[in-house]
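J.: Chains as they are written, first to last, in our numbering: chain A, 3 to 313; chain B, 3 to 313; chain C, 3 to 313; chain D, 3 to 313.
Think of the hints as simulated: they come from the structure by calculation, not from any bench.
Heads up, some of the hints might be wrong.
All copies of an identical chain are treated as equivalent in the list; a pair is satisfied when it fits inside any one copy or across any two copies.
Quick list of in silico lysine-lysine cross-link-like pairs, DSSO-like style, CA-CA up to 30 Å [claimed, not checked]:
(1) LYS160 - LYS300
(2) LYS312 - LYS76
(3) LYS253 - LYS300
(4) LYS160 - LYS312
(5) LYS232 - LYS253
(6) LYS312 - LYS253
(7) LYS160 - LYS253
(8) LYS253 - LYS76
(9) LYS312 - LYS149
(10) LYS232 - LYS300
(11) LYS149 - LYS253
(12) LYS76 - LYS300
(13) LYS232 - LYS160
(14) LYS232 - LYS149
(15) LYS76 - LYS149
There are 4 protein chains.
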Amino acid sequence: MTAHEPLRGVIPPIITPLTPAGDVDVTSLQRLVNFEVGAGVHAIFVLGSSGEGPYLTEDQQRITLQTVTATVAKRIPVLAGVSDIGTRRTLHNAAIAQEYPIDALVSTSAFYGTVGWNEIDRHFRAIAASTDLPLYAYDIPVFTGVKIPAELTVELAKDGVIAGVKDTSGEEDGFRYIIENTRHIEGFSVLTGSDITGDAAMLQGAHGMIVGVANIDPHGFVRLYDAAMKGDWDTARTEQERLHALRLITKIASPRIGGLSATLGAFKAAQVLRGIIDHDGLQPPLLTLDDAERAQVKAVLDSHGLGPIKA
Amino acid sequence: MTAHEPLRGVIPPIITPLTPAGDVDVTSLQRLVNFEVGAGVHAIFVLGSSGEGPYLTEDQQRITLQTVTATVAKRIPVLAGVSDIGTRRTLHNAAIAQEYPIDALVSTSAFYGTVGWNEIDRHFRAIAASTDLPLYAYDIPVFTGVKIPAELTVELAKDGVIAGVKDTSGEEDGFRYIIENTRHIEGFSVLTGSDITGDAAMLQGAHGMIVGVANIDPHGFVRLYDAAMKGDWDTARTEQERLHALRLITKIASPRIGGLSATLGAFKAAQVLRGIIDHDGLQPPLLTLDDAERAQVKAVLDSHGLGPIKA
Amino acid sequence: MTAHEPLRGVIPPIITPLTPAGDVDVTSLQRLVNFEVGAGVHAIFVLGSSGEGPYLTEDQQRITLQTVTATVAKRIPVLAGVSDIGTRRTLHNAAIAQEYPIDALVSTSAFYGTVGWNEIDRHFRAIAASTDLPLYAYDIPVFTGVKIPAELTVELAKDGVIAGVKDTSGEEDGFRYIIENTRHIEGFSVLTGSDITGDAAMLQGAHGMIVGVANIDPHGFVRLYDAAMKGDWDTARTEQERLHALRLITKIASPRIGGLSATLGAFKAAQVLRGIIDHDGLQPPLLTLDDAERAQVKAVLDSHGLGPIKA
Amino acid sequence: MTAHEPLRGVIPPIITPLTPAGDVDVTSLQRLVNFEVGAGVHAIFVLGSSGEGPYLTEDQQRITLQTVTATVAKRIPVLAGVSDIGTRRTLHNAAIAQEYPIDALVSTSAFYGTVGWNEIDRHFRAIAASTDLPLYAYDIPVFTGVKIPAELTVELAKDGVIAGVKDTSGEEDGFRYIIENTRHIEGFSVLTGSDITGDAAMLQGAHGMIVGVANIDPHGFVRLYDAAMKGDWDTARTEQERLHALRLITKIASPRIGGLSATLGAFKAAQVLRGIIDHDGLQPPLLTLDDAERAQVKAVLDSHGLGPIKA
């Protein structure tokens, strides 16, 4: 990663495996990281929403950062999520993260309470002022309660506050606006958070994808990305459609449990089935899939030929 | 507070005064607490949303708990907010709070990410299992992104998990349902979070009010509460209408800044004007009122005869 | 109704009974109207949401207006709903309604498409300019997609455009604001659309209730209203709580069918069970309750002692 | 149009020009239609949201249908919007429309009141049962208050109830799901309602675009469509980005006036400036742009080289 080249490619927001006792499962995490790097992903995003980052204790965050950076060992960049309720907590997370050899920070808006343009602006400027690392804005209004206005994203980009954005807002208007208005900003990176429209995002000019389903099938997303970069849109579309079908595992447990539990529970259940991690527990109060739901996940994996990985 | 008597009365969710350097302003906090106790409020709620609780660092939380409990000195109960992103962080906050002589815990649902009935249920049961203190559920969907279902509140009440609820949802249907279905649960307390309809809440059967404007004019809310308890609804309504007019200070800075900044900024600006606290700064990224807005706050205070308090 | 006295009391928004063939069931409608008038309600609201007004054809609207006005025969005022998509259609409905001896018009905002303050303002002024009858604004954002701003309601009240408001928004803040700011406008009437908080609305200063459940149990609402007018709030609350319990029939068929179907289907099913109307069909695409759901309605009615009415 | 070939291409949802007196401006409408057909669009959609269809009186609907079908004179298909509050009104509109030589019907869900899956299903089946023409579902939840579930759209497609969908929901997940699950249904057409992501929609497999900005610059959309059909995605993207910039005229009057007024007011103002229609008035209560806003529209048109059309 340099200031001159935008971050590109497939970036899995990796889950954080836990032991039955609720500790970070270091061995599983190492296996997951090596699996992802081996699949050819272009960077790793740790402590994001898929990583239950905001739910983890400081100790859990540290062992996660320690394990991931040591395992990646600079083969590819590591982005660390530092999202938290307000600026001070976020800065605290950022300081911890920077004790480890990470390559960039990722943060949502401040959340809890209704914040507006000016507070979001202040939040990102404060984080950026505290670090020499590139900062990526993470726009996920369904979790934070507030959309980062596309116009503010562009302004922060022009001012060099942020080096890119992960857009998980689902708002196509703003996404397009950002792409069109940051294209000439050197090194700025627009990354979609959508598992469903990665091909369309790439066509529009996105630089890559931070996509949860890459926890299960990173090879598929790498094929999608490579095809898109070659302009082979038929291949990209075919791969995207398959990955969309695979993503339906995230709906299996819904609405028995909430959306975050159903999604992360399915990711972890699938990873256990593939032998990538050992246990599928989540940080409380998030809830895991039950055995019937796990069996449904297995059926989907089987239909995609996604069996146990090679050790 | 006993297990047999519901918590009743006016409970200010006190703000957390900060110095210009951003530390907790202990002297101001002592003055604020003594002002509130002197006004006859029935309990103090510290580290709630008005207290910027979820925005504070652990050090700030500790000094706040220390100062408030020492200043209250058991004259009235102290409720401590422990709301945080997930269960582990909430339990961590609860453990810290219980190092101080507090009388009850208050927590929202887990937030960040979409959680459902089962996760909320699990969250409250985990907190309750960790403490001997009464636990109050705090329902504020506009901040957490999720409404605690009224049916779940009743279920948690019947199971003895929670001792009461602060309902700031603004959903009259659920509020009424809770009142009607918890009336015969010994010691259960229904508290409205509305500054606007306290008289109506009391008429319906609520036990009290946790109301931000009591940071500015606790005497008014005590008069309202006393009138309601005597069945003097004309006086209650007149007082409530005046307090509603006073509350318009929370709209002055909106939409220049977000709702939480505009509200807490106005509370603190008014408290500075009344000599209750010394500075009106907020935890970043929250933003304060500007001088023109402060002047508008002063005009409103003057129209209500709310001048400097006696030392 | 005069320009000097606000409209007060219990005003059932009566349903429109249909024959199995889908025509207005005139005999049932006459029986319903006589039942309501006999119960002591203070006015009748026809062609509202409960009356499926916006779903009816012009022919159905005419026979309904004809039947109701002839049956009421000036014993009490009749308010006619004229809500429609835009101003011209609303004016068309208003012209039709005024061919019958009605006493007032009721209209929502224009709907379909996103309209703002200025369009809503223009809409109500155009309707008022077209008629000598009092005009009531009907605020039901869950159906129209737009909240009539409370400040606009007050402005229209001060300008004499509207003679009152039916507030079904569920937003307690705006409701209180309207009450407080229209109290001194001669003849202006604030009517709650809530079946659940009628006592609280009356305490705050509302003039009456336009409440769907009065289709089933008008006697209960009249008792509630009378108690409130006498300041007998214990009786009012007890009656309101019973009516809230009765209203749970509107949840029986949800979510099998949508909210409007579940509510109106339950009203009509209950009226058939009470012998007030003969059939419980709804205007398509609205759906009726099934037999199991009707049995649940009957059980609730029985528990309230609501049996067949006397012929 | 045949049952065997899906509807494809650029389909302008044409506005309905009005005279200053509020009548349909027949001469302007003829000029508009000839302009669109001359630009090479593939069909005309009349009486949609851009056409203020639901706001028009029956007389206005008739003269519009008469004028458009006569002017098009079967050169390309004409789709007629019949959306209305409930099924009976929609069937009434459909019967009127079919008195004119149209080629297909387009309808939203029923609206006003909360309807669910079963009511929407019943609504579309009733319309389809009443006609031999192809029926297109129009999904625009921001106007109707309800999203047509993607799974229901697919079910209606499989059952032959609908021949296609105009998706203006902005929900990329459902849009993709529909494309993937209707691909093998003979003659079924997926049309995006987005002016912003037409290229991405085409890449994913959409058959065409029903896009309001084609009222102003149909040539641009035809170029975009042709490029996409040839797989020339760079040209498609470049054209789409230009059209996105052009579409910013729809934001000029917002939030002075509501979204529908700001959008349609801008379309009509631009058409007057281009000499396509003579007046830019809208059906009340919708509001037109003011002169300063019209000047801003002109500046945007000029920057795109969109001057007066040839007579």
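J.: What are the numbers of the hints the structure violates, in ascending order?
T.: 4, 5, 8, 9, 10, 12, 14 and 15
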